[in-house]
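*Asks:* Listed below are the residues making up each chain.
2 protein chains.
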Amino acid sequence: MTATTETRGPGRRGAGELPSYTLVNGARKMQIRIGIVGYGNLGRGVECAVKQNPDTTLVAAFTRRPPETVKILTEGVGVYSVDKIAEMKDEIDVLILCGGSATDLPKQTPELARLFNVVDSFDTHAKIPEHFAAVDAAAQESGKVALISCGWDPGMFSLARLYGGAILPNGVDYTFWGRGVSQGHSDAIRRVDGVLDAKQYTIPLEAALTAARSGSNPTLTTREKHLRECFVVAKEGADLERIEREIKTMPNYFADYDTIVHFISAEELKRDHSGIPHGGFVVRSGKTGWNGEHKHVVEYSLKLDSNPEFTSSVLVACARAAYRLNAEGVRGCKTLLDVPPAYLSPKSGAELRKELL
Amino acid sequence: MTATTETRGPGRRGAGELPSYTLVNGARKMQIRIGIVGYGNLGRGVECAVKQNPDTTLVAAFTRRPPETVKILTEGVGVYSVDKIAEMKDEIDVLILCGGSATDLPKQTPELARLFNVVDSFDTHAKIPEHFAAVDAAAQESGKVALISCGWDPGMFSLARLYGGAILPNGVDYTFWGRGVSQGHSDAIRRVDGVLDAKQYTIPLEAALTAARSGSNPTLTTREKHLRECFVVAKEGADLERIEREIKTMPNYFADYDTIVHFISAEELKRDHSGIPHGGFVVRSGKTGWNGEHKHVVEYSLKLDSNPEFTSSVLVACARAAYRLNAEGVRGCKTLLDVPPAYLSPKSGAELRKELL
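Listed in order, the protein sequences are those of chains A and B.
The numbers in our numbering rise by one with no breaks, and the one at position 349 of the first sequence is 349.
The numbers in our numbering rise by one with no breaks, and the one at position 75 of the second sequence is 75.
Mixed in with the good hints there might be a few duds.
As the list claims (entries may be wrong) - Heads up, incomplete: computed chain B residues facing chain A, CB under 10 Å, no partners named:
1. Lys51
2. Ala188
3. Val192
4. Val195
5. Thr288
6. Gly289
7. Ala342
8. Gly349
9. Glu355
Just so you know, the hints here were simulated from the structure itself, not pulled from any lab data.
Ideal placement from N, C-alpha and C gives every residue a C-beta, glycine not left out.
Next comes chain A alone, as it looks inside the complex (with noise of 0.2 Å):
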C-alpha cells in the first residue's frame, strides 16, 4: 500500500481558473481547500495536518490580530484579518474554526455558518445543545454544513461512548482522562493569590481503571477515579501552606478529589512541564445472554503527545466530511455522532472495503 500521491494546479482557484487536484495513484482527486480561523496552538496543528492529507490544501489563515504579525509555517499561504473573511467565500471549500469555547466559537459558529462549511472543537459539554441549535439555524438558511464539538472528548470518545452503548445496551460506561495537562485547573492554581505559575495533571487511577474493565460494573466515586497533580510557582516568601490549603480545598476544580501539590521553580516548570499531553480511556462493560451470564469489556484509549495536534487532526478529518457531505446536498448542523464513518476517510468505500473491513 504505497499511494503515490502529487498535487497539481495552483493551491487557491478563483472562480475561472482549474480546479486543483491530487493525483493519487493516477486517479484525480479534488483538492479540499481549508481556511484556518485563529492561529494558536490549534490552528497551527491544523495546519501540520492538512500538510499531512494529500487531498486538503491550506489557503488562507485568518487572525484577529494584525495580518502581518502572524507567521504561519506553510510557505506561499496568506494570513488576512478575520474582518476580510467574506471577500473569500468562493475560494475555501472548509473553514476550520480553532477560537475557544468560552467566547470565540459561540459567535463565531453560527456566524461563519452562514457563508462557509465550518468545523469546530467545541467542548463545553453543558452547552452543546444551546450551541446546536444556534449554528442549526444558521446553516439550514445559508445550506451549509457545520461539524461541531469535533474533537477527542466531545468527539472520539463521545463514538466511544455511543458504539458501546449501542452494543451492549445492558450495561455500564466510564471515562477517564489523562495522564494529561488539563487548561482550566491550570488556570483555577494561577488564580490563587502568591502563585505566579502551575501545571495540573489529571491522573486517571489504576485501581478504578482495573475495577471499570473487571466486567464487574462497580460504581466509581469521583476522588475513586482520579488524581490531581498540581506544580505550583509561587512567589518569594508566599505563604506555601496557605497556596496548598487553598488549592486542595478550592470547590468544584479540586475539593473532591485526592491532590498533590508541589512547589518548583519556573526553571523547572519549563524544563519538566512545558508539554501538553493528555490521553484517556472509555469503558463499556455489559452483559448479555438469556440472564446476562456473559460478561464483555470494550475499551477506546488514546495516549497523545500533543492534546491540541490531535485535535487539530480529528478536525481536519471533519472537514472533509463536512466538504463531502454539502457536496451530496446536506444542510444543517452536525456531530461526529451523524457522520458515515467513511466520509472521514480519503479512500473510497471500495478501497476501505478491501483494506480495512
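Starting from the known structure of chain A, arrange chain B on it as the hints suggest.
*Replies:* Relative to chain A, chain B alone:
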C-alpha cells in the same frame, strides 16, 4: 437515566392490525420486527440481544431443520421452515442472517435481500468485495437495505482501523486477536489423523502489544504477534509425536507461529474449554506536527466472554440502523463504515448530544 419502557400492541402485526410500539419515558417508539434465519449460537445470541433492546421484537425464527425440532427461548414466537419465509414478507422489518460465511451467506444474503432488509456477519475478509457486489445488485433492485459484515472483525475492528487511519494518516495499524478460540484452527486440528477433538486459542504476545503501543511504529512478524495454544484429544494409542508435528508444521494455520500442543482427555476438554471467549486489540500509532515530532497511540480493545453473543449484539444494533436507513429511502448494500453512528442507537439525536457527546 432510568428509562421506563413498556411494550404495547401485538408483537406480530398484519396489514390490518395496529402497529406495535413501546413507550419509552412516555414517548411512543415504533417496534422493529426482527426475524432470525438460522438458530445456532449466533441465532440464539440475536434472540437474547433482542430481549435487551426494548425497541425490537422477535416475530419469527426460520430454520432448515424440521421446525418442530427447534425450541427457542422466547415464548409465543413461532419457528418456521426457511422455505416459508417469503410468506412473512410483510410481517418482518429486518431479517438477521445467522448462517456461516463459507456456504450459507454467499447464497442467502443476496436471495433474501430481494424480499427483506437484511443484516449478516459475513466474515471471509478476502471475499467481502465479491459478496458486497452480489448483495448490492439484489438490494438495489428490491429497494431494500442489506448491512453486511456486521460483527467485530469485520465490524467494530474495521471501524477502529478506519477512524485511526483517517485521524492519523501518518501512522501504522496493528490488529491483534485473542485470547480466544479460533473455530477455523480448531477445525484444522480435528482433521489431523488420530485426533478426536480439539480447541485452539489464539494468544496475542505481550511484548508485541507493548511494542505496538510504544509509538515507535515497529515492524512485527506473524510469529512475534501471536502464539497458538492447542488442546487436543487423541484417539487411544495414536502417535502423539506425529500429531504434534503435523499440527505445528501445518501450512497457513500453524507453520508461521510458535505453537504449543497439550494432549488432554475428552472430559478435560469439556470441563475446561467449553466456552467461546474471544477479543483483541486494534492499535493505531501515528505522528503529528510539522516534522512528525509528536507521537499518538489510539487503541480499541475487546474482552468477550462469548464471541457469538457479542457479534449478535452488533447484529441487532445494525438491524436498527438498516431499518432506519431503509425508512429514509436508502437502498442497496452497506457496511458499518457507511452507517451514521447515531442510527445504531435507540436514542434520539437530541438525547445523544445531551447525554453522550
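*Asks:* For each hint, tell me whether it holds in the structure or not.
*Replies:* Here's how the hints hold up against the structure:
1. At its closest, the beta carbon of Lys51/B sits 7 Å from a beta carbon of chain A; the interface hint therefore holds under the 10 Å criterion.
2. Evaluation of the Ala188/B hint against chain A yields a violated restraint, the C-beta minimum of about 24 Å exceeding 10 Å.
3. With its C-beta approaching chain A no nearer than about 31 Å, Val192/B sits outside the 10 Å limit, and its interface hint is violated.
4. With its C-beta approaching chain A no nearer than about 29 Å, Val195/B sits outside the 10 Å limit, and its interface hint is violated.
5. Hint status for Thr288/B relative to chain A: holds, with the closest Cβ pair at about 4 Å, below 10 Å.
6. The interface hint given for Gly289/B is met, as the beta carbon of that residue sits about 5 Å from the closest beta carbon of chain A, less than 10 Å.
7. Restraint check, Ala342/B versus chain A: the minimum CB separation of about 5 Å is within 10 Å; hint holds.
8. Among the interface hints, the one on Gly349/B holds; its C-beta lies about 7 Å from the nearest C-beta in chain A, closer than the 10 Å criterion.
9. For Glu355/B, the shortest C-beta to C-beta distance to chain A is roughly 9 Å, which falls under 10 Å, so the interface hint holds.
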